[in-house]
Amino acid sequence: MRRLFILAAAAALFAGCSSGGSGSTAASGTNATGTNSPIKLAMVTDVGGLGDKSFNDSANRGLQWAKTQLGAQVTVLQSRSVTDYEPNLSTLADQGNDLIFAIGFLMHDSLNDVAPRYPATHFAIIDSDVDQPNVTSITFREEESSFLAGVIAGLTTKKNVVAFLGGIESPLIEKFQAGFAAGVESVNPHATMLVKYTGSFDDVASGKEYTSVLFDQGADIVYAAAGKCGLGAIDEAQSRPAGYYVIGVDSDQDGIAPGKVLTSALKHVDHAVLALAADASRSDFPRGNLVFGLKEGGVGLTEMKYTRRYLPAGALATEKAYEKLIVAGKLVVPSTLVQLKAFVPVHLAATK
Amino acid sequence: MSTPWLIALAVAKVLPKKATPLIFAALGGVISENGGIVNIALEGIMAGGAFAAVVTSYRTHDVVLAIFVAVLTGMALAAVLAYFALAQSADQIVVGMAINILTLGMTAYLVSTVFGQPGASPEVPGLRNEAVLTWVALALVVVVHVILYRTRIGIHLRAVGEEPRAAATAGINVVAYRYAATIAGGALAALGGAYLSVGETHIYSDGMVAGRGFIALAAVIFGKWTPFGAAGACAFFALFSSLQIVLQGGAVPAQFLEMLPYLLTIVAIAGFIGRARPPASDGVPYER
Amino acid sequence: MRDALRHAAGPVGALALALIVSSFVMLAFHTNPIAAFGALLHGAFGSKQGSAETLVQTTALLFAGLGVAVAFRAGLFNIGAEGQLVAGGLSTAIAGAALHAPAIIEIPLCLLAGAIGGAIWGGIAGVLRARFGASEVITTIMLNYVAFLGSSYLVSGPLRGDLSAPETAPIAATAVMAPIIANTRLTAALPLAILLALYLWWWLGRTVAGYELRAVGKSERAARYAGVDPRVVIVRAMLMSGALAGLAGATEVLGLLHRFNAELSPGYGFTSIAVALLGATNPIGVIFSALFFGALQNGALAMQSLAGVPKDLISVVEGLVILFVAARKLPVGLMLARRPARIEGDS
Amino acid sequence: MIQSGPAAPPPALSAHGITKRFGSLVANDSVDFDVHFGEVHALIGENGAGKSTLMNVLYGVLRPDGGSIRIEGRDVSFASCSNAMRAGIGMVFQHFLLIDRFTVAENVLLGRERTRGGFTDRAAAESEVRELAARYKFGLDPAARVEALNVGARQQVELLKVLERDARIVILDEPTAALAPAETAALFDVVRRLRSEGRAVILIAHKLKEVMALADRVTVLRRGKVSGSLPIDRADAATLATLMVGKVIDLDAREPRRTAPGDVALAVRDLSVLNDDRLPAVRGVSLDVRAGEILGLAGVEGNGQTEFAEALYGLRPPSGGSVTFAERDVSRLSAEARRSAGMRYVPADRQREGLVLDFDTAENALLGDQRRTRRGMRLDLPLGQRLASAIDARYSLAGFDPAKSAVAYSGGTQQKLIVGREMTDDVRMLICVAPTRGVDIGAAATIHRRLRDVRDRGASIVLISFDLDEIRALSDRIVVFSEGRIAGEFAAESATDAQLGACMAGVSSVA
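First to last, the sequence lines map onto chains A, B, C and D. All residue numbers in the first sequence are consecutive under our numbering, ending with 352. All residue numbers in the second sequence are consecutive under our numbering, ending with 288. All residue numbers in the third sequence are consecutive under our numbering, ending with 347. All residue numbers in the fourth sequence are consecutive under our numbering, ending with 511.
A hint or two may mislead.
To be verified - Below, in silico cross-link-like pairs of lysine to aspartate or glutamate (EDC-like), each with a Cα-Cα straight-line distance of 16 Å or less:
(1) C:LYS48 to A:ASP94
(2) A:LYS40 to A:ASP279
(3) B:LYS13 to A:ASP216
These are calculated hints, taken from the structure and not from any lab test. Since the structure is predicted, the reported quantities are computational estimates derived from the model, not experimental observations.
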């Protein structure tokens, strides 16, 4: 497992400058390297679609890396509705792709139906666990990166009020909320947390308005786990004076508004996609459920290159210390609100 | 933190943002429907305006030009509605639906081709202070009211919407007025779209209009086809969504608050709270 | 035969015009329309799987399109097919999860539940129109949103299944409509929809109730004169229209998704307006236009992956088709029955 | 009266050789027509004779296919009615073109609003209109909304629109059709005043007596052609009637009844009915109709007759009172139930009510009987075809084809289709509104014969007509309606026109 991610990280570094994260909709490239038969990779986006600068984009980035790194031939199909998942998956299987990524837990049941019909094709699903011999399930411990984001937020907040902004309520988003709250609690017992949900992943303007209200209600840091609504949240932080921050999710959103996005809780879907693609190119498909947490390098925070200077002294060190605890298994981060209630904050000597 | 005063303050801050795009679009609907053309394409026209503004700003970095282009786009889309409704005597509802479908498809298609990435545009230069547009919207409410009820143009327009043959015999060019009203309505609806994109958020994203065009349509009906009524309805609907943002987590599920404009409109046109009566010839094709 | 050809000429012309205009759109953005439509055609009919998937899309569009067409015949514009589809799908999913009967009983019961769910949603608009003269155009638009938001509340709250997504619990295995062709998703819903179309054609033209529905659609006063209570007919038409749209949702749930999700439909209810109009509101015509739009929707995926043309382009085609069909003065226009602007002499 | 010679001024308006076609129908065929200042020139003719077409051509609403128009001797060509208005022509349409939600002043000044500083000046407009109204003794409140006005007042608003523009040539299209007698008298005063002011007045009418009382000259149109034009002192009712219909009809030709009336078949007691605006239209009417009797219901159009007929047939729920038919209280029964009890109805508005124009002939032949004749749930279309053929056999429908849409027939043929459908041999009760309106003489005679025939078979008939001659020629008894009440009852043989007229006017008052 470690091996996979070292490769992935290297690939990411190499590709970082050249690809820039953008890719065409349905790039069906020819084989760049000229080896005998390039691997055919494909993915199906969830209804959020490409351009979310988040989850689907991250997966697509991994795929584009695979194209440049491995000379893979890649295809992306977008889904407009939940009933598109199955035909999209089938279409890609029919087109003879070797490995097909299903992006998102919404595809769980569709993949469960499609996979047995194409025993020779290999599938991977992100964020869900599909129990089929030809499916690799990839789940992430978002609560762990959210915890670290909570640590940074709890240490950085000047008003001792932080906020969580979710999209549509669901167990997945709950993970982010629980981990974040636990992190804040651990480092800043005086901090209160506001929670709101936009009820949408698309309505950018709403995301902005919610964030504005959260700021006005006293928060100075908003953790936005709300799809495209997060873009509105970042925009709101931009229109505020110094001292107001948003924490992004899934992709590195720091660069959208340098100095305003405190950090982003990364979910390295791109790395996972590339790692799996690399294995696949050697016809070595890992089976079962792969769980990617901090330990596996599947989640984490950004390097905070724009915001380092705004952090209080020792904040980064504290964060690293918590990371070590989690990686070592000494700290189990709650992933549901029920677990959060039972969570006993773990204080380090160095907290404020 | 949750004293009534603070709640009121928070609502007062969000409300204009919620209301502004609705008011623009609803005023567009009011003008068009007072002239006798039902415009259910407000949603699509808003999306078209929002998109055109972002593309222009992306290419030229000129926000004023972007808003101008948005308005032109709205006028062009409304002109399609007017042409099919007037020159082709097509059913206005059918044409409105067609424009909604066409525009939503076209913008999504163009997002992919213009920005090279589907779904959303990158961040583009936008208005530094979108509140300007809120004041413009409020001013337009008064302007539209004055035009409709205190000027010859307004009287002619309403005459055309009420009884086109009477207007025609009074020497008023019914067809020209209907074209003009529909196109002016399109310009306003597109302004509402531009507010959402280059005004408030500085990006375009598929689905970002998120039903506001239909809420505006509801406001036109709820406001009994008058500028102040429609703007009041927009403010009323915006008040509820603002309360929803500020007070979220209360006993009422979010969806029920979001439903409110739609339910109220149904109640209004069913006549339970004072009959909502459209202009007499609203939606009726005019043939000489 | 000659008559049928003449009736088909308008829609085919409107289609051709729409394809030409959208080709120019593609050319303007440096896309080869021939390649795009070629890929579309290949995706829609190029393989057994593809053709089957086209027919799957056709099924939902046919049910909903028949619904819109029936309302049109009664002089009503049902924009609410999407909301009725959602209501039908949700009812079906509830029934499918709750009932445990042999498939031969369970499936019809679930279909019935879907039809009833849709009928209620359509019927509300019908009653509001018949009783209070409220324009069904506005009420159905508003009811769509009430359906979307209400079902979204239900699946994220009271009716939520144990899946991670906001969805209802899966339906019972006995409620599942199995594919009628192996390795496809094509179920008996398609033959059912075609049978319904044929029945509806007969019903409209040959039965007293169909005659009265058409009479109300053409002339409400004449219908009243003929002893018909237009209010009854309006409510009945909206019930039927809603039931048909509800069946679209029901068959999606029973045959494809096996549970209800608030985002069940990719806008079938809206496309069905185009389907009904292109089919000239004639049930037989609707079969063909549903097939066309089914192919368009399905082929769009291949167009996107093979030719790199965003599939949103088909919405452009769809919108253009509606525009051209609605034009009364173009040779392709269908001279659709003028709908009465509002109810007369309601009491 | 009109001087001729080189010194005489040219006519205010003159039209030469006006021809207007609608498809194959020639609505105006080389029509010549003129009117002088200070003259009332009446234009008469049956419905469909081409009067409205001619006026629409003169007013710029329609473009003629041939001919020329001159105003005071100068050639003009109107692209729209605004051109005509600018040339000094004003027209009051039979169906008022008023905006209900606007005030009187706004309606009168529409298109010519008074403004001050760019904004409309309401006060100025209202005082101006008040002044103008006072000049013609119209008791109108300029600030009142038109929707609150009665018919007579609305007509005054229309007149003010014309007068405000100071139209020198005024066209009045059947202005008395919807007026009560007292209102008619007031209108006559206005017309005379217009003449004395030196205006040219074109009066479109179909009531010969009004023409005789008001006009200086009369022109008769028949089938799109001028069949005669003469000064009023050389005209009499019989001559004009001849010119209108083309052959002498004996207005007093009453055929003797062959059977005596039977028992009371229909008993109406204290029937009250509301109109579409929910205002009382029929106010406590009681009457009986016997089997084998034609009861003529006379009155000026718009006095509740149509609502009364609709209430009898079950289209309009009574607001009070009862209707007993065949010894059964049918007040609450639907039209369908009354129909299956043997009641039938010829409605006034054949295009909108009596037919579904887009249905084919066979389908229309079944209209109203679709349930009674059904086979299970199926429509008996073969029966529809047989019925249509039977109607054609009896009334010879021009261009008959069972598969043809009703819209493709002429208005007269459409009326024959309805009448033929409704006057079946087994009809027990027939309610007829203006059964011969717009049909040719021959068809009218057929319809009249058939009405008597049905009566003689024992049916009860309520005949509502706005043509007093028709009422007198057919009825056994005549009841006069005025303002929703029965103003009088007469035996058909003894009633004189004067008596009937007085009765029609009797209880009405100026609104």
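Q.
Output the indices of the hints that this structure fails to meet, ascending.
A. none
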